[in-house]
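From first to last, the protein sequence lines stand for chains A and B. The opening residue of the first sequence carries number 1 in our numbering; numbering runs sequentially from there. The opening residue of the second sequence carries number 1001 in our numbering; numbering runs sequentially from there.
Hints were generated in silico from the structure; no laboratory data involved. Just so you know, not all the hints are guaranteed correct.
[What the hints assert, rightly or not] Incomplete in silico selection of chain A near chain B, CB under 8 Å: (1) A112; (2) S133; (3) G160; (4) D219; (5) Y230; (6) F232; (7) Y236.
[Claimed, not checked] Straight-line distance between alpha carbons at most 27 Å, and here's what the computed BS3-like set of lysine-lysine pairs gives: (8) A/K241 - B/K1183; (9) B/K1050 - A/K49; (10) A/K121 - B/K1111; (11) A/K147 - B/K1111; (12) B/K1183 - A/K140; (13) A/K136 - B/K1064; (14) B/K1175 - A/K241; (15) B/K1148 - A/K100; (16) B/K1040 - A/K102; (17) B/K1096 - A/K140; (18) A/K140 - B/K1066.
Even for Gly, the Cβ is constructed at its ideal location relative to N, Cα and C.
One-letter residues, chain by chain:
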Amino acid sequence: MNFKRLIFNILIILMPVKSMSQTIDGLNNYIQNTRVGLVDEFIDRFNGKISHPDIPSTQPGSKKTNLMMLFDLAQFKSKNDPLYKEAEKMVDIVIRNNVKIKYADATWTALAHCNGTLHGKTVKFDLYLTVESRGKDMYKWVIANAKGSLFDTTPKNKTGNIMLYPDDHETNFISLHRMTSEQSFNVVRFMEKNFDYDTASVFAYLVHFGQLKINFVDDLEFIFTQVPGYLFHIRYFQREKNNAGWLISKFDKVNPKEKTAFLNSIHRINH
Amino acid sequence: MCIIIRKDTIITLAMNNMKKLFVFLISVFFIITASAQVNKDLLKRRAAEKVSQMNDYISFMASKKKSVEVRQRYRTNALNLFIGEGNSYEENGVQKEGVLMETTSVNRQGKKNELMRDYFTRIINYNYNDVNITSTGIAEIKVSSLQKVSDNMYVCTCQYDQAFVGYRDGRPAYKDITTKRVKCYITVERTVDGEEYIIKLGDTEAIATKRA
């Protein structure tokens, strides 16, 4: 191992445990400055526009060190952890391909873990949001999809002759009344073979008619797909360390087909 | 007398003038671009100043060393920094009850939404002998990029920390530090003298609370 690499590796391990002083009231400017306080700041650090205050741009390998500091370093056991090595590979690809993240990209999504109320009961569900252009350099966030067990319409009875009988038309379809009053939980079994169930539409319906309310967003993460061969999540880590704020909480190796499938599932394409 | 001007001289003169015109236009372009960039940075600084001003008012509101009347005045001053002056307001044809403060506590799970005017009243009425609230200095407040909402409106977010200490019998009875993010609305008004920027604060999110 050469001397430069040794220094780099020592810095990576030691940085998170660097001690910092606190003011009497508990506020710590060092933490405020080193923490990735805003998603905007994560994007700027990722793109190399700004860097971690502890990493001078003149330092050899500063680009890579800066990117590694955007990971939640607590997920790695050591620099020999295979996961750490994989993170380094991802960072190498970012540098080699000069990967940049732009706010207007259609290739990142927000995942809001919501706490809501449905018919008086507390429910949890997820909303996927993406950035949409409004023209003239203006954008907005839009809800692309909704997921959660509260949208689940898997029938309770998967076997048996649960159906509208072939002669039900002769009795004015009394069976429809029976379906909703006796086995509403099996409604999907009464739908046509290629019935397309869209949870986002269900979400919109429930909110529109005042049945579903969002109390608060319990947890928020963002998923980025801009790095070739990878997909990563960022989450907010509130802690008194120089490795805190919006950090890469997990990352996965994905092939182009898997990446496309993920993006299609967010935008409900080929649903 | 006849003045003869050679063809290549005319071409050279024309090209020199074109070059000068080109350099002039490029300079004007960079000046305009630089001015626009300076304005955005200036607006971000002004947003941070507004947040810092709000934090000062919160600190004064909380201090039991001041009379209730004085603290109520600071409450009014603080609310005037917000959209609708902290009262109900209309946005895009929809009536809103007022600016919200989302709060967390070390003593409870989940988050609570509270009207800013009620939150400020609570600050004045804290049940401690004294309360000390301090916030991140203006230089350390982080400001996101300005996002354009309409031809005359931009939004951005400011992030800062706030430390709370409640005293009983001269000793700290409760301490916590909360990280907050507040939305800022920047409206551009065109006046006779040029452009004027009005900054109003919006909903505030409290990210986490930890005992100090």
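- prompt: Can you list which hints this structure breaks, lowest number first?
  reply: 1, 2, 3, 4, 5, 6, 13 and 18
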